[in-house]
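K.L.:
Sequence:
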Amino acid sequence: MSRFASFFGRAAEDEDEEANASALAPTPATVPHQSTRHSSRQPASSPPKQSSSTSASNSTNRPRSGSSSSSGSGGNSRHKGGKRKASTVKAQAAAMGVTLGVSPRSAAALNKLQRYNQELEALENEVADMEAALQDYPRTPRSRLLEAKDQIAQMNGSLEKLQYSGVDSIITAELESGKERAKEKRKSLNQRCDALRERILQDSKDLQKMLAAGGGR
Numbered sequence: 260m261s262r263f264a265s266f267f268g269r270a271a272e273d274e275d276e277e278a279n280a281s282a283l284a285p286t287p288a289t290v291p292h293q294s295t296r297h298s299s300r301q302p303a304s305s306p307p308k309q310s311s312s313t314s315a316s317n318s319t320n321r322p323r324s325g326s327s328s329s330s331g332s333g334g335n336s337r338h339k340g341g342k343r344k345a346s347t348v349k350a351q352a353a354a355m356g357v358t359l360g361v362s363p364r365s366a367a368a369l370n371k372l373q374r375y376n377q378e379l380e381a382l383e384n385e386v387a388d389m390e391a392a393l394q395d396y397p398r399t400p401r402s403r404l405l406e407a408k409d410q411i412a413q414m415n416g417s418l419e420k421l422q423y424s425g426v427d428s429i430i431t432a433e434l435e436s437g438k439e440r441a442k443e444k445r446k447s448l449n450q451r452c453d454a455l456r457e458r459i460l461q462d463s464k465d466l467q468k469m470l471a472a473g474g475g476r
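Counting in this note's numbering, the sequence shown runs from 260 upward without gaps.
Just so you know, the hints here were simulated from the structure itself, not pulled from any lab data. Here the structure is a predicted model, which is why all the values come from computation and not from measurement. In this text, a Cβ means the ideal position worked out from N, Cα and C, and glycines have one as well. Treat the hints with care, since some could be wrong.
Derived pair list, reagent style DSSO-like, types lysine-lysine, alpha-carbon separation capped at 30 Å [unchecked claim]:
{"hint": "1", "residue 1": "Lys420", "residue 2": "Lys464"}
{"hint": "2", "residue 1": "Lys442", "residue 2": "Lys408"}
{"hint": "3", "residue 1": "Lys371", "residue 2": "Lys438"}
{"hint": "4", "residue 1": "Lys438", "residue 2": "Lys468"}
{"hint": "5", "residue 1": "Lys371", "residue 2": "Lys446"}
What follows is a set of in silico ranges between Cβ atoms, one per label pair, in the way DEER data are often shown [stated by the list, open to error]:
{"hint": "6", "residue 1": "Ala391", "residue 2": "Ala367", "range": "31 to 39 Å"}
{"hint": "7", "residue 1": "Gln373", "residue 2": "Ala454", "range": "13 to 21 Å"}
{"hint": "8", "residue 1": "Asp453", "residue 2": "Ala412", "range": "15 to 23 Å"}
{"hint": "9", "residue 1": "Ser428", "residue 2": "Ala387", "range": "22 to 30 Å"}
{"hint": "10", "residue 1": "Asn376", "residue 2": "Lys468", "range": "14 to 22 Å"}
Make a model of the complete structure from these sequences and hints.
P.N.:
Have a look at this one:
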């Protein structure tokens, strides 16, 4: 009996010592629980870097500003602009009576003759308008007949100035390459001036008769 009592007494003492030891042992620190949302988040993956050879090929294939495409379009526009300018110059040269293969002196003479031709055409149109008014006689108002009289005097003076101070002032003997053409042009203008002068003189005589007869309403 004493053997069992001593055994159970020793066992009780051992349990008390273990309990005291566990009570005196430090409590382990509690690790805070991390949120699964934060722990599952992964850093954003950076875009893959291109190799130096790939970037070099891309930069080579990328069209540059002002490259062959733009320069080609610019070249086309310049070419078209040059053609338009050339055609304009040719048209002006043809209108002024300038042709290829003539000397500068001949070109200047032909230009003047062409300008005199335009002035003569304007006078011919004025005479035609005035003659149209006279043909309507006797229904033509007297005020219109008096106006035509003043016009005849002005047109006759303009014609003399054009022929004697303009057309006849062109000296063709000094010309070389454009000599024959200038001579023909001047001769034609003089003939037209003489014919127009005859018309103006005849119109003046007819007008005087109309006014003397008391024509006009």
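K.L.:
Taking the hints in turn, state whether each one holds.
P.N.:
Structure-based check of all given hints:
{"no.": "1", "hint": "Lys420 <-> Lys464", "in the structure": "holds (22 Å)"}
{"no.": "2", "hint": "Lys442 <-> Lys408", "in the structure": "violated (35 Å)"}
{"no.": "3", "hint": "Lys371 <-> Lys438", "in the structure": "holds (14 Å)"}
{"no.": "4", "hint": "Lys438 <-> Lys468", "in the structure": "violated (46 Å)"}
{"no.": "5", "hint": "Lys371 <-> Lys446", "in the structure": "holds (14 Å)"}
{"no.": "6", "hint": "Ala391 <-> Ala367: 31 to 39 Å", "in the structure": "holds (37 Å)"}
{"no.": "7", "hint": "Gln373 <-> Ala454: 13 to 21 Å", "in the structure": "holds (19 Å)"}
{"no.": "8", "hint": "Asp453 <-> Ala412: 15 to 23 Å", "in the structure": "holds (19 Å)"}
{"no.": "9", "hint": "Ser428 <-> Ala387: 22 to 30 Å", "in the structure": "holds (27 Å)"}
{"no.": "10", "hint": "Asn376 <-> Lys468: 14 to 22 Å", "in the structure": "violated (33 Å)"}
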